[in-house]
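**Q** Residues per chain, in single letters:
There are 2 protein chains.
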Amino acid sequence: MRKLKLEELGRITVEEYHTIPKMPVVVVLDNIRSAVNVGSVFRTADAFAIEKIIICGISATPPNREISKTAIGATESVLWEYIEDISEAILLLKSEGYTIAGIEQTDHSIKLGSVVPDVGKIAVIFGNEVDGISDEILHELNLCIEIPQYGTKHSLNVSVCAGIVLWELTKMRL
Amino acid sequence: MRKLKLEELGRITVEEYHTIPKMPVVVVLDNIRSAVNVGSVFRTADAFAIEKIIICGISATPPNREISKTAIGATESVLWEYIEDISEAILLLKSEGYTIAGIEQTDHSIKLGSVVPDVGKIAVIFGNEVDGISDEILHELNLCIEIPQYGTKHSLNVSVCAGIVLWELTKMRL
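Quick mapping for you: the protein sequence lines, in order, are chains U and G. With positions in the first sequence counted from 1, the corresponding number in our numbering is that position plus 191. With positions in the second sequence counted from 1, the corresponding number in our numbering is that position plus 191.
Read the hints as simulated data drawn from the structure, not as lab findings. No experiment lies behind these values; they were computed from the predicted model shown. Errors might be hidden in some of the hints.
No copy is singled out in the list; a pair is fine if it fits within one copy or between any two copies.
Unchecked claim - With a straight-line Cα cutoff of 27 Å, these simulated DSSO-like cross-link-like pairs (lysine-lysine) come out:
id, residue 1, residue 2
1, K260, K285
2, K196, K302
3, K285, K344
4, K196, K312
5, K312, K260
6, K362, K285
7, K285, K194
8, K243, K302
9, K285, K312
10, K196, K362
11, K312, K213
12, K302, K194
13, K344, K312
14, K312, K362
Required output: the full structure, derived from the provided sequences and hints.
**A** Here is the structure:
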């Protein structure tokens, strides 16, 4: 067994990336406090060829030094836009046919990996590191998804959480 | 739909955590450069009730301020030990019946989510952020697992990568 060299990984160029079919998944980042987390989500979105990232509220946007540190170039490949008001972003996504899924622990959340329905185009919303998704937009969501957890915290870093959710959505569509 | 309150999440105490059955998964962190990543893996390991973390090489160990920042207390719940030489850790794990899986892109890697066999007790090794798993230990592994990626980088943050792998292993056993 030997490790693959960089040129054996099948990495595509930024130009090629813009032309390949994407997973019909939009990531919405609302009020993310840490630019490091925003950058890490860009890196993951590139890995799984996610359609777009919509950045809302107080979340940092490129160009930003902390985003660059963790995105390692993925801000060049992954499409993104900034929409300050998340309600506006949700309206736009609904008009384009996306199902809107909050990633949140609620009294009606679906457990990731159990019965996540095949919903076609989906937008997944990740909220603030401390407060999660804003209460004010809960009624605008079509569903909530939570990652089952068994420990003392019931809390994951938001970029780890996004990695798990995007992996699971990617896998469903392979 | 409403968000669950902290006391509704079913979080268990550190004392209860020590008594619940764990996933038969050991995480091995070898030469992890960033203590922030070590802490984040602790937080994820707590969420999925992983058996133990073995920390090797230059990786930071608790108590450490950067680990604490991202582990948010999970160093109290999750069992861990430091074994400087990873080969020694692998020998120990093999003697205890663990299958040793490197998380690495190699010419014989199994794709996560496709055909990962039910191997019983498993130890998953995550290597350095830049260099990955050391070439010197590749022949000591029973298998390698890689996360399929489609973008320009073919590279994930190590704590995101650990989150995805631990989620997938947890899910297989539910």
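**Q** Evaluate each hint against the coordinates.
**A** Status of each hint after checking the structure:
Taking identical chains as interchangeable, the C-alpha atoms of K260 and K285 are never at most 27 Å apart, the minima being 33 Å within one chain and 37 Å between chains. In the homo-oligomer, the alpha carbons of K196 and K302 lie at most 27 Å apart only across protomers (17 Å), although the nearest pairing inside one protomer, at 38 Å, exceeds that limit. Taking the closest pair of Cα atoms, K285 and K344 never come within 27 Å of each other, the shortest separation being 33 Å inside a single copy and 31 Å across copies. Taking the shortest Cα distances, K196 and K312 never come within 27 Å of each other, neither inside one copy (35 Å) nor across copies (30 Å).
Taking the closest pair of Cα atoms, K312 and K260 never come within 27 Å of each other, the shortest separation being 30 Å inside a single copy and 36 Å across copies. Taking the shortest alpha-carbon separations for K362 and K285, only the intra-copy value of 24 Å comes in at or below 27 Å, while the best inter-copy value is 31 Å. Taking the closest pair of Cα atoms, K285 and K194 come within 27 Å of each other only across two copies (22 Å); inside a single copy the shortest separation is 44 Å, beyond that limit. For the identical chains of this complex, K243 and K302 are neighbours both inside a copy (24 Å) and across copies (25 Å), given an alpha-carbon limit of 27 Å.
In this assembly of identical chains, the alpha carbons of K285 and K312 lie at most 27 Å apart only when taken from the same copy (10 Å versus 45 Å across copies). For the homomeric pair K196 and K362, the shortest alpha-carbon distance inside one copy (25 Å) is at most 27 Å, but the shortest distance between copies (31 Å) is not. For the homomeric pair K312 and K213, the shortest alpha-carbon distance inside one copy (11 Å) is at most 27 Å, but the shortest distance between copies (36 Å) is not. For the homomeric pair K302 and K194, the shortest alpha-carbon distance between copies (14 Å) is at most 27 Å, but the shortest distance inside one copy (36 Å) is not.
Taking identical chains as interchangeable, the C-alpha atoms of K344 and K312 lie at most 27 Å apart only when they sit on different chains, with a minimum of 25 Å there against 31 Å within one chain. Both within a single protomer and between protomers do K312 and K362 lie at most 27 Å apart by alpha-carbon distance, with minima of 14 Å and 24 Å respectively.
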